[in-house]
Amino acid sequence: MSIQKGKVFEKETAALAGVSSKGVPYGKRIQKSGAIGTTEGISALAGDARWILPWLDSEVHLECKHGYSEKGQERKSMRLEREWFDKHMIQAKALDFYPAFAFKFKFTQQNGMSKMVVIPFPVMERILHEANNVYEELEELRRELVMWEQGIKVREE
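Read in order, the letters of the sequence shown are residues 1 to 157 in full-length UniProt numbering.
Hints are not guaranteed to be accurate.
[Stated by the list, open to error] Just the calculated beta-carbon pair ranges, DEER-fashion:
hint, residue 1, residue 2, range
1, 89, 11, 23 to 31 angstroms
2, 147, 11, 41 to 49 angstroms
3, 151, 54, 30 to 38 angstroms
4, 15, 84, 19 to 27 angstroms
5, 136, 81, 36 to 44 angstroms
6, 7, 136, 34 to 42 angstroms
7, 128, 152, 40 to 48 angstroms
[To be verified] The calculated DSS-like cross-link candidates involving lysine-lysine, where the alpha carbons are at most 30 angstroms apart (straight line), are:
hint, residue 1, residue 2
8, 11, 115
9, 87, 115
10, 11, 28
If you're looking for bench data, these hints aren't it; they were derived computationally from the structure.
Beta carbons are placed, not taken as given, at the ideal position from N, Cα and C, and that holds for glycine.
Go ahead and model the full structure; you've got the sequences and the hints to work with.
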């Protein structure tokens, strides 16, 4: 895979996080990521892309892997190295971020499955817990707003 193709996929992965209402992207490609971030212990350089989502207490750093194949040939499988997962999980614990992985199979367009994000179970558990907490807080605020609109006293001042 060329360096340029890797950069394109890293940018696509970063863009997946979306944009705030003020036009600020929630995702960024991490330039000069990889070995420098690992050896220097710099969280900002760990992974290939990161998502900075306001409802999560930590950033999500994604390690991006692009499937290889012969020119013009569809990639039907990709070897996942346990070492990739172990290294990224160790970095995440040491540098305090949520680890995730993005994979792209070259030339595979069937069923929209050419690209995917993989999140380890313990990480997904934490993310869902945080999302549920945010949801419950919003629901409580919504209930208070409805009561206020109906003229029902919500809280003691």
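Comparing the hints with the structure gives:
For residue 89 and residue 11, the Cβ-Cβ distance of about 24 angstroms falls inside the hinted range of 23 to 31 angstroms, so the restraint holds. Checked against the hint of 41 to 49 angstroms, the pair residue 147 and residue 11 passes, with Cβ atoms roughly 46 angstroms apart. One distance hint, 30 to 38 angstroms for the beta-carbon pair residue 151 and residue 54, holds here, with the actual separation near 33 angstroms. Look at residue 15 against residue 84: about 22 angstroms separates their beta carbons, and that is inside 19 to 27 angstroms.
Checked against the hint of 36 to 44 angstroms, the pair residue 136 and residue 81 passes, with Cβ atoms roughly 39 angstroms apart. For the pair residue 7 and residue 136, the beta carbons lie near 39 angstroms from each other, so the given range of 34 to 42 angstroms is met. Distance hint for residue 128 and residue 152: a CB-CB separation of about 32 angstroms, inconsistent with the stated range 40 to 48 angstroms. Distance hint between residue 11 and residue 115 is fulfilled; the C-alpha atoms sit about 13 angstroms from each other, no more than 30 angstroms.
A threshold of 30 angstroms between alpha carbons decides the hint, and for residue 87 with residue 115 the separation of about 22 angstroms falls inside it, so the pair holds. Only pairs whose Cα atoms come within 30 angstroms are accepted, and residue 11 paired with residue 28 is accepted, the gap being roughly 7 angstroms.
Violated hints amount to a single one, hint 7; each of the other numbered hints is respected by the structure.
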